[in-house]
Amino acid sequence: MPVNKIFSDCDKAVADIPDGATVMIGGFGSFGGLPVNLIVALARQGARELTVIANMGGVGFELSRRIKPGGYHDSGLLFENGQVKKFIGSVPALGGMPPTSPLEKLHNEGRVEIETVPQGTLAERIRCGAGGLGGFYTPVGIGTVIEAGKDKKVINGREYILEMPLTADFALIKAHRSDSLGNLVYKGTARCFNPVMATAAKTTIVEVDELVKPGQLDPEAVVTPHVYVDRIVEVPR
Amino acid sequence: MKSRLDNQTIALRAAREFPDGSVVNLGYGMPGLCADFIPEGRAVFFQSENGVLGYGNLAADNEKDYELINASDQPVIPLAGMCFFDSALSFDMIRGGHIDIVVLGAYQVSEKGDLANWGRPGRPATGMGGGMDLAVGAGRVIVTMLHNTKEGEPRIVSNCTFPLTARQCVSLIITDLAVIEVTNAGLVLKETAPGWAVPEVQALTEAKLVPATDLKEIEL
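Chains as they are written, first to last, in my numbering: chain A, 72 to 308; chain B, 2 to 221.
No wet-lab data here; the hints were simulated from the structure.
There may be inaccurate statements among the hints.
Taking beta-carbon pairs under 7 Å as the criterion, some of the chain B residues facing chain A (in silico) [stated by the list, open to error]:
(1) Leu-69
(2) Val-137
(3) Pro-164
(4) Glu-182
If you want a taste of the chain A side facing chain B, the calculated C-beta under 10 Å gives, among others [unchecked claim]:
(5) Ile-138
(6) Leu-148
(7) Asn-152
(8) His-247
(9) Ser-251
(10) Tyr-257
Fair warning: this is a prediction, and the values are worked out from it, not measured in the lab.
Every residue gets a Cβ at the ideal spot worked out from N, C-alpha and C, and that includes glycine.
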C-alpha cells in the first residue's frame, strides 16, 4: 500500500515547517509557476528565521498588479511578514521596478541577508545538491563579483569557478497535474525552476491544478517521478 | 534638428542581425521588442531562459496566458514546434553553446567589450538573473541601449565603473546614435543615425571610436 501523500489543504501541508528551515520556492518571476497557495499558507503558519531559495525575491502584492490584472501573492509576502533571514537567488529585486519590493526594503534596512547567484548557476547548484554531487566548475562569473572568495581552476585553457551544491529542508512546488503517487506534469513556462527544486529537498510539497489516479498520466510525459514528491494538495482553479 | 532613433528602430536594426534559422535569446526590456521586427522570409527560434524555445510575438490583451511568458514576464503566443524545458536544461542549452545570439540591454559597455548590465548604484538588491550565463554562453552578444544616460553621460566607456556581467563578451553595440562593432583593433563605428557626423557621435562617447572604411547611415 503506497503512503498517502494527499493533503486536504495547503495549511495542513506546510504546518510542520519549523523556524530556521531552508525552503526552496519554485517558479521563475511572476505568477506562472509560483506555488501561490503554499506561499500564502506558509505566511499564515508564521515560521520565522527562514532561508528562502528562489529565482526571484518577489515583487509583493502592490507591484504584482503591474504584472497581472488583479495582482497575486509571491514570496514578497514572507519578507513582508518578517519571516525570512536570508535569500538566495538570481533576482532579489528587479532594477526596472521601483525599489519598493518587500525584500529590497528589508535588505536596505539590513534586516535580510542576500546571496546573489547567476540564474544558471542557481539551477545547477540545486541539481548538484539533488544529485548528491559535491560541486561543479562553471565559467559564469569569471571577472565579476561572483568569483570573490571562490576556488578557481583552469581547465583546457579556460578559467572556471567552483560552485557548491544547494539543498533544502522543504520545497514548495507548483505543478499542473499529479497522480496520487506524486508523478508530476507541468504546464508551459510554469515548469521553470519547479522540476529541479522538487528533486532537492528533504520534503517536497506540491500544489496542483488537478489530481488524477495512477494510470491517467502518460508515463512518457511525466517530468518529476513520484519518488521526489512527499505531499500533494489539489487547488482547483 | 537631428533626432535620435527610438527604441523600436533600435530593435528593428538589431533584428536584422538574426540569420535565417538562428536561435536567439532576448534580454529584459528593449531587446524584447526585436521579436516584432524579424525580416520577412527568415525563421528565428526565440529561446527564453525560463524554459521555452520557439515562441511567437507578444500576446494581445485578450489572449494572455501567464503560463506562457518570456523572461521579461510578458505573455507571448505559441507557435507550431514550440517546446518547454526546466531551468537546469535551459542553462545547459545556454552555457553549452546552443544560443546563436543574445540581445541584452546595458548600463555600460567598455572599449574591450566588457558588459555591465545588472548592478545599479543605490540598488544593492538587484541581481543579474540569467545575464551572466547568457553573456558567457551565447555565440554572439549584441547590446541594444541608449547611447547616453538621462544626464547625458556616455555609456560606451574606456572601463566600466558599474559591476561587470562578463569580460570581453560584446560583439556589436546598437544605440540610438550608432552601430559599433567591438574588434581587436578597438571600437569600429560602422553606422550612424541619419544626420549625425562622426565627431558628434565621438563627443558623446568616452571610448575612442574608429570610423569604418565603409561607414554609412543606418538604413531605416
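Quick check: which numbered hints come out false for this structure?
4, 6, 7, 9
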